[in-house]
Amino acid sequence: MIRISRAIGTRILACFMCVVIACTLVPAYAFANTPYLSYPSSVSKVPDVSAPYAAVFSSDGTVLWSKNADTQVPMASTTKILTAIVVLEHANLNDEVTVSEYAASQEPTSADLYEGQTLTVRDLLYGLLLVSGNDAAVALAEYIGGSPEGFAAMMNEKAAQLGMNNSHFVTPNGLEDPAHYTTVSDYVKLTLYAMQNNDFRTIIGSTSYSFSDKNGVPYVYKNANELLTKTAAYASSSDALGTVIGLKTGFTDEAGYCLVSAANNKNLEMYAIVFGDSSAWSRFKDSACLLEWGFSHTNNVSLISAKAVVGAYACCAWPDKKIDLVAGYAVNAWVYDYGGDVTCTVALNETTQALHAGDTVGTIVWYQAGKVIGQAPLCIVEDVPTPNFFESIGIWFGNLFSTVTGHGNEKTASTLAIPATLTTNTIG
4 MIRISRAIGT
14 RILACFMCVV
24 IACTLVPAYA
34 FANTPYLSYP
44 SSVSKVPDVS
54 APYAAVFSSD
64 GTVLWSKNAD
74 TQVPMASTTK
84 ILTAIVVLEH
94 ANLNDEVTVS
104 EYAASQEPTS
114 ADLYEGQTLT
124 VRDLLYGLLL
134 VSGNDAAVAL
144 AEYIGGSPEG
154 FAAMMNEKAA
164 QLGMNNSHFV
174 TPNGLEDPAH
184 YTTVSDYVKL
194 TLYAMQNNDF
204 RTIIGSTSYS
214 FSDKNGVPYV
224 YKNANELLTK
234 TAAYASSSDA
244 LGTVIGLKTG
254 FTDEAGYCLV
264 SAANNKNLEM
274 YAIVFGDSSA
284 WSRFKDSACL
294 LEWGFSHTNN
304 VSLISAKAVV
314 GAYACCAWPD
324 KKIDLVAGYA
334 VNAWVYDYGG
344 DVTCTVALNE
354 TTQALHAGDT
364 VGTIVWYQAG
374 KVIGQAPLCI
384 VEDVPTPNFF
394 ESIGIWFGNL
404 FSTVTGHGNE
414 KTASTLAIPA
424 TLTTNTIG
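Every position in the sequence shown, counted from 1, becomes a number in the working numbering once 3 is added.
Keep in mind that a hint or two might mislead.
[What the hints assert, rightly or not] Label pairs and their computed distance ranges (CB to CB):
no. : residue 1 : residue 2 : range
1   : A372      : D327      : 55 to 61 angstroms
2   : N95       : E160      : 30 to 36 angstroms
3   : D73       : N270      : 29 to 35 angstroms
4   : D51       : E118      : 57 to 63 angstroms
5   : A372      : T246      : 22 to 28 angstroms
6   : N95       : T246      : 42 to 48 angstroms
[Said to hold, decoys possible] No more than 30 angstroms apart at the CA atoms, straight line, and that leaves these computed lysine-lysine pairs for DSS-like:
no. : residue 1 : residue 2
7   : K217      : K70
8   : K225      : K374
9   : K161      : K192
10  : K233      : K310
11  : K325      : K70
12  : K374      : K161
13  : K233      : K48
14  : K70       : K161
15  : K233      : K217
16  : K269      : K310
17  : K233      : K192
18  : K325      : K269
19  : K310      : K70
20  : K225      : K48
21  : K217      : K192
22  : K161      : K233
23  : K48       : K374
24  : K269      : K48
Hint data in this document are derived by calculation from the structure and do not stem from the laboratory.
The beta carbon of each residue, even a glycine, is placed where N, CA and C say it ideally should be.
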């Protein structure tokens with residue numbers, strides 16, 4: 004009898020210790036990445052563009068479609084995007100620059116500068132980006148880098164920082180040079196970076212700019228980007244692209260006709276790149292096609308509604324108690340129909356501490372093509388007090404009985420039941 008009592012006592016003590024340990028740790032339970040909403044795994048068609056090098060991508064860096072994106076090619080005056088960014092990061096807009104003889108002699112595109120003229124960095128940037136002034140590019144390069152060569156070193160340093168590993172810059176204006184080249188993929192990185200600069204966005208989105216220099220000479224610069232000023236001539240309708248907001252044209256005999264463009268439609272920003280097009284008209288037409296295609300393959304969907312029940316939360320301190328688990332707020336996201344299924348993961352944290360209605364106990368995260376597209380806190384809907392002394396004793400004995408006999412109180416587990424809540428722009 005003594006041996007039996009000791010054995011039972013040892014088992015009781017072990018059970019008690021297990022219960023104590025189980026209810027004081029704070030484990031995280033993660034539900035696996037599972038299909039949530041289903042989409043076609045590939046697009047039903049590709050954009051109808053003639054440019055040999057091209058891409059369309061969104062402001063989050065997702066490339067929806069590309070063509071020969073890693074081929075090294077010349078990029079003509081789209082070079083001036085990087086020129087402008089380096090200038091903006093090393094000078095103030097009101098700094099004054101004196102135009103040298105060398106800068107004033109630049110051809111073929113010109114901002115009509117003359118030797119000895121004094122202009123602000125702001126004026127020169129408008130001349131650089133609106134009329135693609137090669138003279139403005141050299142004047143800025145000499146002011147910032149001491150010389151075009153010194154400035155080119157700064158451009159390459161910035162390109163390296165941006166991960167533009169297949170690019171090399173020799174001039175600030177993009178005039179032909181065998182060692183001056185980039186790729187569409189690298190220009191995706193540059194475009195995304197440049198569009199974070201508010202001064203840059205203001206300039207490239209302007210249709211015109213007027214000023215007078217210190218000698219009273221008046222200037223009016225008109226933006227050469229016809230996609231900005233004549234949208235309806237290239238898109239399927241006047242509102243197909245929403246609002247065009249830039250960016251930069253380019254042309255040389257070797258590079259062909261180039262354009263980096265941007266538009267905003269229903270709060271979604273989309274970018275397009277075309278290099279090597281055969282005419283000025285085709286670069287604008289191709290860019291409009293890419294942007295329109297990108298918008299048409301993007302849908303704003305409701306991933307979950309506020310307070311929508313997504314499952315049941317198992318309370319650690321109460322072995323048989325589960326309460327509703329809800330989303331803390333509504334989540335909408337841009338979903339790309341080329342990107343395959345939307346999946347989600349849920350992580351829940353359990354605790355023996357008292358909880359109150361509205362407390363966050365976990366997180367739900369949605370993904371598409373490996374990227375996070377939305378997330379929300381998961382909250383409980385009612386108070387969960389800690390057991391009092393007598394309730395704790397009852398729970399302890401219940402767990403003990405279950406362990407000894409194999410029956411009785413068993414710890415319930417949290418469950419997940421994500422509702423399919425696609426409510427807008429259903430893809431056919």
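With a cut-off of 30 angstroms on the C-alpha distance, tell me whether K217 and K70 pass. violated, 47 angstroms
Given the hinted pair K269 and K48, is their Cα-Cα distance within 30 angstroms? holds, 23 angstroms
Against the 30 angstroms threshold, does the CA-CA distance of K233 and K310 hold or violate the hint? Since the Cα atoms of K233 and K310 sit roughly 46 angstroms apart, the hinted pair is violated (cutoff 30 angstroms).
Please verify whether K48 and K374 have alpha carbons no more than 30 angstroms apart. holds, 23 angstroms
Are the Cα atoms of K269 and K310 separated by 30 angstroms or less? With Cα atoms ~26 angstroms apart, K269 and K310 stay inside 30 angstroms; holds.
Does K217 lie within 30 angstroms of K233 when you go C-alpha to C-alpha? violated, 33 angstroms
Taking only the CA atoms, is the gap from K217 to K192 under or equal to 30 angstroms? violated, 38 angstroms
Go ahead and decide if the range 29 to 35 angstroms is satisfied by the Cβ distance of D73 to N270. With Cβ atoms ~31 angstroms apart, the hint holds.
Would the hint linking K161 and K233 be met if the CA-CA limit is 30 angstroms? The hint is violated at about 33 angstroms.
Restraint check for K70 with K161, where alpha carbons must lie at most 30 angstroms apart: holds, 25 angstroms
What's the verdict on K310 and K70, does the C-alpha distance respect the 30 angstroms limit or exceed it? The hint is violated at about 43 angstroms.
With a cut-off of 30 angstroms on the C-alpha distance, tell me whether K225 and K48 pass. violated, 36 angstroms
Violation of the numbered hints given earlier is confined to hints 1, 2, 4, 6, 7, 8, 10, 11, 15, 18, 19, 20, 21 and 22; the remaining hints are satisfied by the structure.
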